[in-house]
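Work out the full structure, taking the sequences as your base and the hints as a guide.
Chains as they are written, first to last, in our numbering: chain X, 28 to 362; chain R, 121 to 365.
Do not take every clue at face value.
Stated by the list, open to error - Below, a list of computed lysine-lysine pairs in the BS3-like style, where the Cα atoms sit at most 30 angstroms apart:
id, chain 1, residue 1, chain 2, residue 2
1, X, K36, X, K47
2, X, K36, X, K137
3, X, K37, R, K251
4, R, K332, X, K359
5, R, K240, R, K229
6, X, K47, R, K254
As the list claims (entries may be wrong) - Per label pair, the in silico range of CB-to-CB distance:
id, chain 1, residue 1, chain 2, residue 2, range
7, R, D272, X, K36, 22 to 28 angstroms
8, X, K36, R, G305, 31 to 37 angstroms
9, R, D232, X, D155, 27 to 33 angstroms
Derived by calculation from the structure, the hints in this document are not laboratory data. Glycine included, each C-beta is placed from N, C-alpha and C at the ideal position.
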Amino acid sequence: MGGTYTILKKEFLDNIGEAKFLLLFFTLLVVVAASAISGAQSYKLQANSQGIPQGNGTSGRPGEIPGQGGNFRIGLMLNSLSQAITPIVENIAIVGGLLAVTLSFDAINKERSSGSLKVLLSYPIYRDQVLIGKFLGGFLTILVVAFSTVAVAIGIFSYMAGLALTTEILLRILSFMLMTIIYLSVFLVGGLLFSIVIDEPATSLLASIVFVLAGVVLITNLGSSVATLIAGSPYNFVTQTGNTGGTVVRAQANQLYQGIVTVFNYLSPSTVYQNAVSMVMRTTTMSFEQGTPVSVTTPFSQAFMDMLKMVPILIVWFIVLAAGTYMGFRRKEIT
Amino acid sequence: MPILELQNLTKRFGDFTAVDHLNLEVNAGEIFGLLGHNGAGKTTTINVIVGLLPPTEGTAKVNGHDIATEPIEARRNIGLMPDSAGVYFNLTGRQNLSYFGELANLPTKVTDERTNELLKLVKLDDWATVKAGKYSRGMKQRLGIAQSLIRDPSLLIYDEPTLGIDPEGTREIRDTIYELAKTRGKTIVLATHLLGEVSRLCDRVAIMGHGKLLAVGTIPELRSQLQLEESSDLEDIFMRFQGAI
Chain X
28 MGGTYTILKK EFLDNIGEAK FLLLFFTLLV VVAASAISGA QSYKLQANSQ GIPQGNGTSG
88 RPGEIPGQGG NFRIGLMLNS LSQAITPIVE NIAIVGGLLA VTLSFDAINK ERSSGSLKVL
148 LSYPIYRDQV LIGKFLGGFL TILVVAFSTV AVAIGIFSYM AGLALTTEIL LRILSFMLMT
208 IIYLSVFLVG GLLFSIVIDE PATSLLASIV FVLAGVVLIT NLGSSVATLI AGSPYNFVTQ
268 TGNTGGTVVR AQANQLYQGI VTVFNYLSPS TVYQNAVSMV MRTTTMSFEQ GTPVSVTTPF
328 SQAFMDMLKM VPILIVWFIV LAAGTYMGFR RKEIT
Chain R
121 MPILELQNLT KRFGDFTAVD HLNLEVNAGE IFGLLGHNGA GKTTTINVIV GLLPPTEGTA
181 KVNGHDIATE PIEARRNIGL MPDSAGVYFN LTGRQNLSYF GELANLPTKV TDERTNELLK
241 LVKLDDWATV KAGKYSRGMK QRLGIAQSLI RDPSLLIYDE PTLGIDPEGT REIRDTIYEL
301 AKTRGKTIVL ATHLLGEVSR LCDRVAIMGH GKLLAVGTIP ELRSQLQLEE SSDLEDIFMR
361 FQGAI
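This is how it looks when you write it as structure tokens:
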């Protein structure tokens, strides 16, 4: 374990001292801060325009949070919060993803090019220790990134929007951080894989960027394209009203289209992450009672469980990439 | 017992045989030269000995430990300096040695003492706080030598230690290697294609060509094996063996 800790420590110190990391970290903080400012403004506008009444917690009105001292406003405000932080989450998804791969895309091949990998592996340590040390060094950096990014975003947001940080909100923010850590870890291990299978750091950087773009944009876009090819264009689904046979066919096509898009969305780490955060930050959901839309309270425990349903998808991504990384490095012939 | 023992060591990359049934023994305390053209299989042999590459056939044992089945025990006895020195350019000379000392699980006090001693040995004590990226190639190689000594192994393996270094730097490295063997009793395997370096330093020589062992022995032994005159040097010997492929 001593070797792992030594490598972890060096990786972490190297990471936080590197110009490429500092540049991307600064960029991430700036875009997240900007998103938080604009989100806070729209949140305030929305709250003011709604003229939301205060509840007393015992009226049974939809939207109340049980056991929270009865604030009808809180439910609506947190839903606005969920919407308001969407740009923040989107920015973390892309800039954070890039930052995570930046930490690892050259972890192995750079050392291989400089010859230090040979020296490292000539020491009485196992290859697994090198790999785990490198990963944990990056993971520790990601903890710092996730904590500080979410803290900056929520700090600015709550200050500007006058949002009180109740226990309920803090728990949701902590869950947001947890999801961010898991999401960024997927890209961290992806970059590590490329640093093993690709010998040139410049090429592994390119592959890592493509991987981030695929995770953030390409998979979902591909889903829409595949769905259109198989089920037809969604623009045509609503044009055939009044024709009974035609309507059935269109409804089936629409179902097929949505099904394909959903499958691809589940494959996209970014979409899964954004959905998970959206779920945990949402305190009410809309439902219909006798044809009337009502707002139903979603307590934190329920929101957290909903979020956890998305976690296995990211875990599967992580495990697949980690297994490839492990096998690749174990079998790597160092010449 | 030999400190390094290679038996039928073979390494193939697909159809290409880089090392072909190599049999060698290196005894404790000697400077052993592994001599051959570029591509003769010297570096591949070293990579297999250290465990960076698995052998296709045969065994490599260090102090009796098979590198394939007892890699940790075998590596405890090895200090390696690859042709590119293998030090971290973003760390100072002192930080490099401290890092490798910690990696070898040495107590901090021992690491600090050895770091000071080794920086003096390789004449880098005045450069201890300068990042290795700012060192000349010769200085990086000397730091690489210090790195190879930080955990005090019995077998030192140096791959082309003076490649691309000016004559003055070459002499400094040569003197250091000689001192390590003669005053500290280290066993040194020196892979090089520089004949002068080998003839000045090595007790015994192995000549490799196309992955095969062509000859092994002291320079006088090789000379008599070829029935050459006393005046013939290592270059004559080397060319004759290479021509025999």
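Numbers of the earlier hints that this structure fails to satisfy, in rising order: The structure breaks none of the hints.
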